[in-house]
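From first to last, the protein sequence lines stand for chains Y and H.
If you read the first sequence in numbering that gives the first Met the number 0, its first letter stands for residue 0, the second for the next number, and so on.
If you read the second sequence in numbering that gives the first Met the number 0, its first letter stands for residue 0, the second for the next number, and so on.
None of these hints come from the bench; they were simulated from the model.
Hints are supplied without guarantee of correctness; some may be wrong.
[Claimed, not checked] Straight-line Cα separation of at most 27 Å, DSSO-like style, residue types lysine-lysine; simulated pairs:
no., chain 1, residue 1, chain 2, residue 2
1, H, K147, Y, K500
2, H, K246, Y, K481
3, H, K13, H, K170
4, Y, K33, Y, K62
5, Y, K289, Y, K630
6, Y, K41, Y, K86
7, Y, K485, Y, K402
8, Y, K479, H, K147
9, Y, K19, Y, K62
10, H, K147, Y, K189
11, H, K91, Y, K461
12, H, K89, Y, K516
13, H, K91, Y, K412
14, H, K89, Y, K416
15, Y, K107, Y, K62
16, H, K89, Y, K504
17, H, K147, Y, K412
18, Y, K744, Y, K357
19, Y, K461, Y, K481
20, Y, K672, Y, K617
21, Y, K654, Y, K595
22, Y, K617, Y, K630
23, H, K147, Y, K504
24, Y, K516, H, K91
25, Y, K44, Y, K77
26, Y, K485, H, K147
27, Y, K641, Y, K748
28, H, K89, Y, K461
[Said to hold, decoys possible] Computed Cβ-Cβ distance ranges for the label pairs, DEER-style:
no., chain 1, residue 1, chain 2, residue 2, range
29, H, D25, Y, N626, 53 to 61 Å
30, H, S146, Y, K630, 38 to 46 Å
31, Y, Q723, H, D25, 38 to 46 Å
32, H, K89, Y, E501, 26 to 34 Å
33, Y, E720, H, S146, 53 to 61 Å
34, H, G227, Y, E721, 50 to 58 Å
35, H, G71, Y, K630, 33 to 41 Å
36, H, K89, Y, P133, 54 to 62 Å
37, Y, E658, H, P22, 35 to 43 Å
38, H, P22, Y, L246, 52 to 60 Å
We put the beta carbon where it would ideally sit given N, CA and C, even for glycine.
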Amino acid sequence: MKDKKITYSLNYRKPKSEYKLSDELTICLRYYHKCDKTNKTKIIKKSTGIKCKLQDWDTDWHKSSSRNPIKDSDSNYKKKNRLILNKIKEFDFKDLAKKSSTNKSKKKLESHVPDGPLADKWTNHKNNINLVNPANKRQIDVIVIGTGLAGGSAAATLAELGYNVKAFCFQDSPRRAHSIAAQGGINAAKNYQGDGDSTYRLFYDTVKGGDYRSREANVHRLAEVSTNIIDQCVAQGVPFARDYGGLLDNRSFGGVLVSRTFYAKGQTGQQLLLGAYSAMNRQIGRGKIKMYNRHEMLDVVVVDGKARGIIARNLVTGEIERHSAHAVVLGSGGYGNVFYLSTNAMGSNVTAAWKAHKRGAYFANPCYTQIHPTCIPVSGDHQSKLTLMSESLRNDGRIWVPKNLDDAKAIQKRQLKPTDLTEDKRDYFLERRYPAFGNLVPRDVASRAAKERCDAGFGVNKTGEAVFLDFAAAIIRYGKEKAHVKGLNEDDQTLIQILGKEVVKSKYGNLFQMYEKIVDENPYETPMMIYPAVHYTMGGVWVDYNLQTTIPGLYAIGEANFSEHGANRLGASALMQGLADGYFVLPYTIGNYLSKDIRTGPISTESVEFEEAEAKVKSEIEHFINNKGTKPVDYFHKRLGKIMWNKCGMARNEKELREAIEEISILRDEFYKDVRVPGSANEFNEELAKAGRVADFLELGELFAKDALVREESAGGHFREEHQTAEGEAQRRKEFQFVSAWEYKGAPKDAELHKEELVYENIEVKERSYK
Amino acid sequence: MNLTLQIWRQESAKVKGKIVEYPVQDISPDMSFLEMLDILNVRLITDGDTPVAFDHDCREGICGSCSLYINGEAHGPDRRVTTCQLHMRKFKDGDTIFIEPFRADAFPVIKDLIVDRSAFDRIQHAGGFISVNTSGNTQDGNSIPISKHDADQAMDAATCIGCGACVASCKNSSAMLFVGAKVSQYALLPQGQIEATDRVQNMVSQMDLEGFGNCTNTGACEVECPKGISLENIARMNRELIKASIKS
Chain Y
0 MKDKKITYSL NYRKPKSEYK LSDELTICLR YYHKCDKTNK TKIIKKSTGI KCKLQDWDTD
60 WHKSSSRNPI KDSDSNYKKK NRLILNKIKE FDFKDLAKKS STNKSKKKLE SHVPDGPLAD
120 KWTNHKNNIN LVNPANKRQI DVIVIGTGLA GGSAAATLAE LGYNVKAFCF QDSPRRAHSI
180 AAQGGINAAK NYQGDGDSTY RLFYDTVKGG DYRSREANVH RLAEVSTNII DQCVAQGVPF
240 ARDYGGLLDN RSFGGVLVSR TFYAKGQTGQ QLLLGAYSAM NRQIGRGKIK MYNRHEMLDV
300 VVVDGKARGI IARNLVTGEI ERHSAHAVVL GSGGYGNVFY LSTNAMGSNV TAAWKAHKRG
360 AYFANPCYTQ IHPTCIPVSG DHQSKLTLMS ESLRNDGRIW VPKNLDDAKA IQKRQLKPTD
420 LTEDKRDYFL ERRYPAFGNL VPRDVASRAA KERCDAGFGV NKTGEAVFLD FAAAIIRYGK
480 EKAHVKGLNE DDQTLIQILG KEVVKSKYGN LFQMYEKIVD ENPYETPMMI YPAVHYTMGG
540 VWVDYNLQTT IPGLYAIGEA NFSEHGANRL GASALMQGLA DGYFVLPYTI GNYLSKDIRT
600 GPISTESVEF EEAEAKVKSE IEHFINNKGT KPVDYFHKRL GKIMWNKCGM ARNEKELREA
660 IEEISILRDE FYKDVRVPGS ANEFNEELAK AGRVADFLEL GELFAKDALV REESAGGHFR
720 EEHQTAEGEA QRRKEFQFVS AWEYKGAPKD AELHKEELVY ENIEVKERSY K
Chain H
0 MNLTLQIWRQ ESAKVKGKIV EYPVQDISPD MSFLEMLDIL NVRLITDGDT PVAFDHDCRE
60 GICGSCSLYI NGEAHGPDRR VTTCQLHMRK FKDGDTIFIE PFRADAFPVI KDLIVDRSAF
120 DRIQHAGGFI SVNTSGNTQD GNSIPISKHD ADQAMDAATC IGCGACVASC KNSSAMLFVG
180 AKVSQYALLP QGQIEATDRV QNMVSQMDLE GFGNCTNTGA CEVECPKGIS LENIARMNRE
240 LIKASIKS
């Protein structure tokens, strides 16, 4: 084989270490084709159909003069080596290369997942990508949008590495980003509990939990770095919960059979964010991060096809500012507020991500939304947001509704108290339907089951849209345990209640207090009432393995990207992903891109591109200020939310999705004609900021419905009524095993679909069962 | 419920402000205090008036954005809650409610009820961190056991949300509860020991520079703190400061 552009390899389908020497694998040919136009090298792979045992494979074939890959220990080695050489002659690689490039006339999505066995991909990738030397890093600027777990950790780490970071947040301090509200915990495959956890298991649980709609290599990388996150946070002074021996404590979350969730009371997100914030503070103090509080990004500026800066509005003075950089990172969070009512903060918005989409970044899987099962039910039309009750409560709380419709009616009318119903009159529907996982089934499954019961008339509050979350059994169990430990009378019911409530208080005290303040009922005495609510969006800006969007130099991290959670995120994985992206992934991968920018020098903000983007932003603002309509922004936002919840919510069907698309587009027109924004552009004007955000939600909402319509299957958080099993479970379809990446073409209805096929080589795609 | 609101209106830091009266009708006791203000704002916008500006974001008592001084108390009459968690059932039909911004020299008014609390950020820049880079090679999280008691106490201090209620409640506009909580969190953990001396000195001197007052042990801060941060943290900070002054 003289052509050194062609090499041999074995086609591994799982990690190398999992093979025995006697296993047979197919031999592949790889041809390195250098494209004349782009000067990029492409690898074209072709199977030879010839197999060889691992023990007969010569890994050093390229060093020998004969360049034969099969060793003489194979009885047929001469023949096989000859056949392989013949195969090379058979294939016209140049022709194949030409074909593959003509197929790509339509811009193809390249996930850039590195080659090699799954478990080695990330390590090898890190070893092979370019680095930027410390002196050059000082010449390079990076903009980071958002200061939550992803943005905050990325800004701090990039500054530690030596880049000049400009960080932006719309809040008055980076510490207020909405990651702060995450309650339950963060997953990591530490296996401190010795319950059989491993990197592979975390990887497996996440892919399965995401209903086989995430990218294998990304998820495995996430599982790999998960343990580093815990170490890093402990070193930063994050006060994780510890047991009496002084070691880190764990709890369980939905969809898994191990205890791998680390926590800090019910405020894990707060503590992790304050950890990232402290790392940022250190760099702000050193001058390596320039912090822009109360600033909102309103456009991304693309120069010569690369993201080179942003247009931002100072929310205090109203000034429109230009900021340039060599790369822009979006850590701007999810778009759950498209539903108006969600557990997101009031200010959480899609604007940064959506403006990037309009500049060419593909938007992936917008219809994948997580509806969290345990939120405090809506109390009336005045409601401005919903409050989550942590998933950790499902460790000890049991979910139920009355077994008989009459009892449910009586409870709805408050003629009957939940504590009046004896065990035999209660339906613990999750334990009944899913005996293996019980109350700890994943969120999408739990939410749908609650909705099913409420739709059937068994809801327990006045609107019939709530189920009970009951701690009575846990209080007795903990009380007895405590009495036993203390050597007290285990049959004394009053004592058991007191001791049990103490334990429950130490575990979930702040959540119980929060519930009592909002609902005005004591959850220690009567079961909580809960109902599903919009909580998280798995969809987001499409990114490749390097977290780069389809615009070179524009990266998306954390909830802002479409990421590792597939069609459903497991509890305590959002914190893990945000910090993994920001601390451990992006800082490496962005270096590979920036290494080509070391000679670029400062980026000017005086270019036509900046001019154009600024003019666009200003004209939209002027439109809102001069519109003088009759209705405030919230009026339109609430209406959008109703359409989304009723027609793109927990259960979707073709008819309603088509209606939603129509209604949203009409609402959008109405909004532009009739919205009233008081005040001026040159002052603190919250209504103006809100108007811009709702304008983007009104476009995203339509694409969301369109995506849900196109995806004719049920997967994770996306449930199409037309596609369910006889038992009412989600029915996936093989032909939809792809990521939907939408390209902006002028209006949401014209968006063009690109598909990234998902390949599972290390995991068997099965029916996702929690029974 | 029908209520009379007396709200502080101020266009910007440069203009003088004043109290303006707004009646509101049909308020449900299940509403949160901020939802009641939302209703007022919708009416003001529809009538062509300027809505009342106030800080808010998570509306579940954790981000620390909301900040109102209600009837002379930071975050209003309820205990252990922020304004966004305060519900109208704590008021009676016919009540008059005074709503003002958090007042302190170090918290200048931006507009209406919004104040600038970036002084808190600057105190943190001075030392509110442990100097550890992100490398992926830090030692295992379990390599230094920390007693449950210390970890829990550190956690109690770390629950501070940085809202500034302590400053607003203090007759001296002191930020000692806020700074004490951060200093305590690190003082209670082994990881915080290395930089303990510099940290407390730098943070306290930045606090003084920002124009916050001193502590005279009145304890109003602890009573009004929505997260129940204990005065013990101020005592611990003082001990740390004395230790530091001997050491350095």
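Do the hints match the structure? See the list:
1. H:K147 to Y:K500: This hinted pair holds, its Cα atoms lying about 20 Å apart.
2. H:K246 to Y:K481: violated, 45 Å
3. H:K13 to H:K170: holds, 24 Å
4. Y:K33 to Y:K62: holds, 23 Å
5. Y:K289 to Y:K630: violated, 38 Å
6. Y:K41 to Y:K86: With Cα atoms ~20 Å apart, K41 (chain Y) and K86 (chain Y) stay inside 27 Å; holds.
7. Y:K485 to Y:K402: violated, 38 Å
8. Y:K479 to H:K147: holds, 23 Å
9. Y:K19 to Y:K62: Distance of about 25 Å is within 27 Å: holds.
10. H:K147 to Y:K189: holds, 20 Å
11. H:K91 to Y:K461: holds, 24 Å
12. H:K89 to Y:K516: Holds: K89 (chain H) and K516 (chain Y) sit about 10 Å apart, inside 27 Å.
13. H:K91 to Y:K412: holds, 26 Å
14. H:K89 to Y:K416: Holds: K89 (chain H) and K416 (chain Y) sit about 25 Å apart, inside 27 Å.
15. Y:K107 to Y:K62: Between K107 (chain Y) and K62 (chain Y) the Cα gap is close to 36 Å, so the pair fails against 27 Å, i.e. violated.
16. H:K89 to Y:K504: Answer holds: K89 (chain H) to K504 (chain Y) is near 24 Å, not above 27 Å.
17. H:K147 to Y:K412: Not satisfied, since the Cα-Cα distance of roughly 46 Å exceeds 27 Å.
18. Y:K744 to Y:K357: holds, 8 Å
19. Y:K461 to Y:K481: violated, 37 Å
20. Y:K672 to Y:K617: The given pair, whose Cα atoms are some 18 Å apart, holds under the 27 Å limit.
21. Y:K654 to Y:K595: violated, 50 Å
22. Y:K617 to Y:K630: holds, 22 Å
23. H:K147 to Y:K504: Measuring from Cα to Cα gives roughly 17 Å; hence the hint holds.
24. Y:K516 to H:K91: OK: K516 (chain Y) and K91 (chain H) at ~17 Å, within 27 Å.
25. Y:K44 to Y:K77: At roughly 23 Å apart (the allowed maximum being 27 Å), K77 (chain Y) and K44 (chain Y) satisfy the hint.
26. Y:K485 to H:K147: holds, 19 Å
27. Y:K641 to Y:K748: Distance ~20 Å between K641 (chain Y) and K748 (chain Y) Cα, so the pair holds.
28. H:K89 to Y:K461: holds, 22 Å
29. H:D25 to Y:N626: 53 to 61 Å: About 29 Å separates the Cβ atoms of D25 (chain H) and N626 (chain Y), which means 53 to 61 Å is violated.
30. H:S146 to Y:K630: 38 to 46 Å: Given about 58 Å between the Cβ atoms, the range is violated.
31. Y:Q723 to H:D25: 38 to 46 Å: Since the Cβ atoms of Q723 (chain Y) and D25 (chain H) sit about 43 Å apart, the hinted range of 38 to 46 Å holds.
32. H:K89 to Y:E501: 26 to 34 Å: holds, 27 Å
33. Y:E720 to H:S146: 53 to 61 Å: holds, 54 Å
34. H:G227 to Y:E721: 50 to 58 Å: Holds - the Cβ-Cβ distance for G227 (chain H) and E721 (chain Y), about 52 Å, lies within 50 to 58 Å.
35. H:G71 to Y:K630: 33 to 41 Å: Because 36 Å falls inside the window, the suggested range holds.
36. H:K89 to Y:P133: 54 to 62 Å: holds, 57 Å
37. Y:E658 to H:P22: 35 to 43 Å: Since E658 (chain Y) and P22 (chain H) have Cβ atoms about 41 Å apart, the given range 35 to 43 Å holds.
38. H:P22 to Y:L246: 52 to 60 Å: holds, 59 Å
Against the hints set out earlier in the document, violations occur for numbers 2, 5, 7, 15, 17, 19, 21, 29, 30.
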